[in-house]
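Number of protein chains: 2
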Amino acid sequence: MFPIRYRASFKTGDPHNNRFKLEKVKVVSYGIGVIGRRLANHILTKKGVEIVGAVDINPEIVGKDLGEVLGWERLGVVISDDADRMISETGPDVVLHTTMSYLRQTYGQFVQILGHGVNCISTCEELSYPYATEEGAEYAAKLDALAKEKGATLLGTGINPGFLMDTLPITLTGVCTEVDRIYVTRQMDAATRRIPFQKKIGAGLTVEEFRRKIENHEITGHVGLEQSIKMIADALGWELDEIRVDPVEPVVLDRDVASDAIKVSKGYNAGSKQKAYGVRGGEAVITLDFRAYIGAPEEYDSVVIDGVPPINQRISPCVHGDYGTIAITANMIPHVINAEPGFKTMKDLPVPHATPEHMRRYVK
Amino acid sequence: MFPIRYRASFKTGDPHNNRFKLEKVKVVSYGIGVIGRRLANHILTKKGVEIVGAVDINPEIVGKDLGEVLGWERLGVVISDDADRMISETGPDVVLHTTMSYLRQTYGQFVQILGHGVNCISTCEELSYPYATEEGAEYAAKLDALAKEKGATLLGTGINPGFLMDTLPITLTGVCTEVDRIYVTRQMDAATRRIPFQKKIGAGLTVEEFRRKIENHEITGHVGLEQSIKMIADALGWELDEIRVDPVEPVVLDRDVASDAIKVSKGYNAGSKQKAYGVRGGEAVITLDFRAYIGAPEEYDSVVIDGVPPINQRISPCVHGDYGTIAITANMIPHVINAEPGFKTMKDLPVPHATPEHMRRYVK
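Sequence order for the protein chains is A and B. Each residue of the first sequence is one higher than the one before, starting from 1 at the first, in this note's numbering. Each residue of the second sequence is one higher than the one before, starting from 365 at the first, in this note's numbering.
Quick caveat, the hints were computed from the structure, so don't treat them as lab data. Some clues are possibly wrong.
[Stated by the list, open to error] Cut-off 30 Å, straight-line C-alpha distance, at most; resulting in silico cross-link-like pairs (DSS-like, lysine-lysine):
#: 1; chain 1: B; residue 1: K411; chain 2: A; residue 2: K24
#: 2; chain 1: B; residue 1: K388; chain 2: B; residue 2: K627
#: 3; chain 1: A; residue 1: K364; chain 2: A; residue 2: K142
#: 4; chain 1: B; residue 1: K514; chain 2: A; residue 2: K148
#: 5; chain 1: B; residue 1: K728; chain 2: A; residue 2: K150
#: 6; chain 1: B; residue 1: K428; chain 2: A; residue 2: K347
#: 7; chain 1: B; residue 1: K563; chain 2: A; residue 2: K347
#: 8; chain 1: A; residue 1: K347; chain 2: B; residue 2: K728
#: 9; chain 1: A; residue 1: K364; chain 2: A; residue 2: K24
#: 10; chain 1: B; residue 1: K711; chain 2: A; residue 2: K148
#: 11; chain 1: A; residue 1: K347; chain 2: A; residue 2: K148
#: 12; chain 1: B; residue 1: K514; chain 2: A; residue 2: K347
#: 13; chain 1: B; residue 1: K637; chain 2: A; residue 2: K150
#: 14; chain 1: B; residue 1: K512; chain 2: A; residue 2: K148
#: 15; chain 1: B; residue 1: K728; chain 2: A; residue 2: K364
#: 16; chain 1: A; residue 1: K150; chain 2: B; residue 2: K388
#: 17; chain 1: A; residue 1: K142; chain 2: B; residue 2: K728
#: 18; chain 1: B; residue 1: K411; chain 2: A; residue 2: K148
#: 19; chain 1: B; residue 1: K711; chain 2: A; residue 2: K26
#: 20; chain 1: A; residue 1: K142; chain 2: A; residue 2: K199
#: 21; chain 1: A; residue 1: K199; chain 2: A; residue 2: K150
#: 22; chain 1: A; residue 1: K347; chain 2: B; residue 2: K630
#: 23; chain 1: A; residue 1: K364; chain 2: B; residue 2: K514
#: 24; chain 1: B; residue 1: K630; chain 2: A; residue 2: K47
#: 25; chain 1: B; residue 1: K564; chain 2: A; residue 2: K347
#: 26; chain 1: A; residue 1: K364; chain 2: B; residue 2: K512
#: 27; chain 1: A; residue 1: K364; chain 2: B; residue 2: K711
#: 28; chain 1: A; residue 1: K347; chain 2: B; residue 2: K627
#: 29; chain 1: A; residue 1: K364; chain 2: B; residue 2: K506
Note that the coordinates shown come from a computational prediction; the quantities given were computed from them, not determined experimentally.
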């Protein structure tokens, strides 16, 4: 069928891929909320990984079997609120952690996990690049020291922060001899997302209601813009004067739009948008532009690098955030197991990749 | 001007970026051909890197000052054909190697460089992923052993192979929970490229002349398709049945097209195209589609991943190959210096990034 110029025998090859051990990688799921459940569901479908323990503090699910909570059959994994006991009894290769967004909330949990000398991958947004703030940098230094002392690796990741607005733009600068400015956009049509997300961005509210909910912190912006900017700047060695984050803004369209769940009349709020800037010499050298609203004309993730050569990259439609986050969290398991001990960020580890085969295949 | 929610002091931060040493990174340029000259020109414009030596066997330039050969002022770097002596006398941090495409041509040169315990980054296409062939895998094993023995790191890279058709698609699979098929396209309008490139792809020839030059090996296909396919497959843990490479094909258009240098009448050859396939279970799970011709309607690099979530990514216009190759070769300098000893490929090292500041800033 094909004219064959070359036909290889693959008995040799990358030696790492030939050390195919059969033991499954053992995982503890720490956090059985929305993302934790999706992640656990995904892990249960993967080859060469098994969930040996589950931790959450929600009294409605503590003591229940994880499989039943997920809507599967019983797994023999009872959700516990005692993380220390769960980790020491199950001896996992890695903890997948999906509880909260800020280090002031999660720091103690990481201390607990690392204290057992166990690797951890977390979707905690601030952990994706804690160096964006002095407080975060202090947490990171302490976690790095503890991880090294205990021989474990800690990574913060996710689709955003963690990939689309930091790791991917950084990677694309790798083919540039010069970089003047980077502009990253994520535009989502909220109508394609779950209803809680549509409500979270204030779709269907009046602009006045939207602004009141912003003031009351009932609606919050995207968490991670500062972290993504600081990760890009540090990767490029740029010393920023400051990181500026605009307030979350309403999106008001000149036409009626609707999702299956929410109607947004002309003049009402269709969603939210927010920009953040890495400023150097008075100029925004890094701009992140995040938009999620019902009726967005196109869904895309784009990276525009004003440099040599110029780079104009677009992923269209945009990467679905829920799938993307659970994917990259699971896919980083082998890189974290293979890494030297310490606290790592996405820019410290080898390029991410999918892990469709037995997870041990990717472990050195 | 901006509403400021957050203003950081960056006295703390990623500790690696604060160890700012002033010594320049010392480079030997090995290979002063077309790419070697462009690369040397680029290095001369960069902060924190200096060229301390230059090696080539071309009798027309041996003994001449590198700066004069490049059209700059004298640099005090005399091009030598004695690589051993040049490396031992100059003690570089890294050799940038740009001589030939195949390991049977370059293997001895790498043995020589690594023998001095010196790091090396090469644009040798086969080195980007030698595991694509048994012969290449044997070279790689020997080079890896030698590099480890001597405490040096060796990397093969480039824009393609090395990034656009391997590292970048691999990186994008990182956000996928499932990957069924990967299709990568690079389409270039040869009219925008240098004239030797236009001639190299046979633009303006009759189809008969084109086919004769293919048979005579006066026109060759893109080097690196097998390497890129094997790198993707190994990253994903896919065991391929085989890698199939189509012959190089002419591109005949139904209209007249022209570059500044070459007119291509309707029915004549406008350039070349070639596809290669990673086959698994009888199906092409990886397809690389390379097209370069005068009159291409659009220039782009695209990655389409048939998976969950599906990824439809495009860089438009395509990344300029000459800039891209010298950029990524220079940008990988700190990763190679920081890496543990051994032979590495792009999938083993941290994500690439631009290096616009003093090169030492990126060295741990």
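Verification of the hints:
Between the alpha carbons of B:K411 and A:K24 the distance comes to roughly 47 Å, so the proposed pair goes past 30 Å and is violated. Between B:K388 and B:K627 the alpha-carbon distance is near 47 Å, which puts this suggested pair outside the 30 Å criterion. For a cut-off of 30 Å, the pair hint linking A:K364 to A:K142 stands: about 28 Å separates their Cα positions. For the hint linking B:K514 to A:K148, the alpha-carbon distance of about 27 Å falls within 30 Å, and the restraint holds.
Only pairs whose Cα atoms come within 30 Å are accepted, and B:K728 paired with A:K150 is accepted, the gap being roughly 22 Å. Between B:K428 and A:K347, the direct Cα distance comes to roughly 41 Å. Violation of the 30 Å bound is thereby established for this hinted pair. Between B:K563 and A:K347 the CA atoms are separated by roughly 40 Å; this puts the pair beyond 30 Å, and the hint is violated. Pair hint A:K347 plus B:K728 holds up; C-alpha atoms about 14 Å apart against a cutoff of 30 Å.
Among the hinted pairs, A:K364 with A:K24 is consistent with the structure: their alpha-carbon atoms are about 14 Å apart, no more than 30 Å. For the hint pairing B:K711 with A:K148, the CA-to-CA distance comes to about 24 Å; that is within 30 Å, so the pair holds. At roughly 18 Å between alpha-carbon atoms, A:K347 and A:K148 fall within 30 Å of each other, so this suggested pair holds. With a C-alpha separation of about 27 Å, the suggested pair B:K514 and A:K347 falls inside the 30 Å cut-off, and the hint holds.
Straight-line distance between C-alpha atoms of B:K637 and A:K150 comes to about 54 Å, which puts the hinted pair past the 30 Å bound. As the CA atoms of B:K512 and A:K148 are separated by approximately 24 Å, the hinted pair is consistent with the 30 Å bound. For a cut-off of 30 Å, the pair hint linking B:K728 to A:K364 stands: about 24 Å separates their Cα positions. At most 30 Å may separate the alpha-carbon atoms for a hinted pair to count; A:K150 and B:K388 exceed this at roughly 36 Å.
Taken as a hint, the A:K142 and B:K728 pair is honoured in the structure, with Cα atoms around 19 Å apart against an allowance of 30 Å. Only pairs whose Cα atoms come within 30 Å are accepted, and B:K411 paired with A:K148 is rejected, the gap being roughly 33 Å. At roughly 25 Å between alpha-carbon atoms, B:K711 and A:K26 fall within 30 Å of each other, so this suggested pair holds. For the hint pairing A:K142 with A:K199, the CA-to-CA distance comes to about 37 Å; that exceeds 30 Å, so the pair is violated.
Between A:K199 and A:K150 the CA atoms are separated by roughly 42 Å; this puts the pair beyond 30 Å, and the hint is violated. Note on A:K347 and B:K630: the hinted pairing is violated, with a Cα-Cα distance of about 49 Å set against a maximum of 30 Å. With a C-alpha separation of about 22 Å, the suggested pair A:K364 and B:K514 falls inside the 30 Å cut-off, and the hint holds. Distance restraint check for B:K630 and A:K47: the Cα-Cα separation of roughly 54 Å exceeds the 30 Å cut-off, and the hinted pair is therefore not satisfied.
Taking the CA atoms of B:K564 and A:K347, the gap is near 38 Å; set against the 30 Å cutoff, the hint is violated. Of the supplied pair hints, the one linking A:K364 and B:K512 holds, its CA atoms being roughly 17 Å apart against a limit of 30 Å. A distance of roughly 14 Å separates the Cα atoms of A:K364 and B:K711; the hinted pair therefore holds under the 30 Å criterion. About 47 Å separates the Cα atoms of A:K347 and B:K627, which puts this hinted pair outside 30 Å; it is violated.
For the hint linking A:K364 to B:K506, the alpha-carbon distance of about 19 Å falls within 30 Å, and the restraint holds.
Comparing the model with each numbered hint stated earlier shows that hints 1, 2, 6, 7, 13, 16, 18, 20, 21, 22, 24, 25 and 28 do not hold.
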